[in-house]
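Sequence lines, in order, name chains E and F.
End of the first sequence sits at 118 in this note's numbering; the numbers just go up one at a time, nothing left out.
End of the second sequence sits at 121 in this note's numbering; the numbers just go up one at a time, nothing left out.
Mixed in with the good hints there might be a few duds.
Coverage of chain E stretches by chain F, computed from C-beta distances (three or more under 8 angstroms per stretch; other residues unrestricted) [said to hold, decoys possible]:
| # | region |
| --- | --- |
| 1 | 44-53 |
| 2 | 108-114 |
Below, computed lysine-lysine pairings styled on DSBU-like, alpha-carbon distance capped at 35 angstroms [as the list claims (entries may be wrong)]:
| # | chain 1 | residue 1 | chain 2 | residue 2 |
| --- | --- | --- | --- | --- |
| 3 | F | 65 | E | 10 |
| 4 | E | 20 | E | 10 |
| 5 | F | 65 | E | 76 |
| 6 | E | 47 | F | 17 |
| 7 | F | 22 | E | 20 |
| 8 | F | 65 | E | 62 |
Simulated from the structure, these hints should not be mistaken for laboratory data.
In this text, a Cβ means the ideal position worked out from N, Cα and C, and glycines have one as well.
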Amino acid sequence: QQQVKQSPQSLIVQKGGISIINCAYENTAFDYFPWYQQFPGKGPALLIAIRPDVSEKKEGRFTISFNKSAKQFSLHIMDSQPGDSATYFCAAGGETSGSRLTFGEGTQLTVNP
Amino acid sequence: NAGVTQTPKFRVLKTGQSMTLLCAQDMNHEYMYWYRQDPGMGLRLIHYSVGEGTTAKGEVPDGYNVSRLKKQNFLLGLESAAPSQTSVYFCASSYLVGTDTQYFGPGTRLTVL
Chain E
6 QQQVKQSPQS LIVQKGGISI INCAYENTAF DYFPWYQQFP GKGPALLIAI RPDVSEKKEG
66 RFTISFNKSA KQFSLHIMDS QPGDSATYFC AAGGETSGSR LTFGEGTQLT VNP
Chain F
9 NAGVTQTPKF RVLKTGQSMT LLCAQDMNHE YMYWYRQDPG MGLRLIHYSV GEGTTAKGEV
69 PDGYNVSRLK KQNFLLGLES AAPSQTSVYF CASSYLVGTD TQYFGPGTRL TVL
């Protein structure tokens, strides 16, 4: 049972454009929503994370927007660069999930020069 | 610090063979995880451990066994490999619960013929 749905599966953006990846979750007990970035041949690495007490979190060119009522959150990459080309995973977790995170299916982002 | 390391990096097995994947971390983390990554399915949790001597089932545990005899090591075993277990396997660790940053290893690419 996939509790976190991610879209799109793949995304192509021109350099300087905005990349937007969306995720939706089902479990209202989730209270931690990280995004992981994975380059080819490497393991995922934490990019940015948000908790539901805020609606937005920004770190450099990366922003998470969170809509608790809609049970959705999204990653925005401003001024996208070719070096941002990677696979991005959203995830969700919380106290009721114990030690576990539930990951989305992943989005392969390509930023063309 | 080496972080999270995985051995081996690549392996090819024949159906029915067995093998053990080794994960080691030098960050003194309590929690360790084994995931498998398949195209379009994201990261799925196989087994995890909340401390030395403990293990628990994740989302897709069938066909796998694990052991955590030492805090720094987490072993994943395949007793009788099947083609459906062809995947990339990632180990991760975190200091505290799943709502803490998970640090991933570089992965093991396993092919079962």
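Hints versus structure:
Only when three residues or more bring their CB closer than 8 angstroms to a CB of chain F does the claim for the region 44-53 of chain E stand; here the count is 6, and the claim holds. Counting residues of the region 108-114 of chain E whose CB falls under 8 angstroms from any CB of chain F gives 4; the rule of at least 3 is met. Restraint check for residue 65 of chain F and residue 10 of chain E: the C-alpha separation of about 22 angstroms stays at or below 35 angstroms, so the hint holds. Using a Cα cut-off of 35 angstroms, the hinted pair residue 20 of chain E and residue 10 of chain E holds, with the two alpha carbons roughly 27 angstroms apart.
Annotation: proposed proximity of residue 65 of chain F to residue 76 of chain E holds, straight-line Cα distance about 27 angstroms (limit 35 angstroms). About 11 angstroms separates the Cα atoms of residue 47 of chain E and residue 17 of chain F, which keeps this hinted pair within 35 angstroms; it holds. A C-alpha spacing of about 44 angstroms is found between residue 22 of chain F and residue 20 of chain E, which places the hinted pair above 35 angstroms, so the restraint is violated. Between residue 65 of chain F and residue 62 of chain E the alpha-carbon distance is near 33 angstroms, which keeps this suggested pair within the 35 angstroms criterion.
The earlier numbered hint that this structure contradicts is number 7, and it is the only one.
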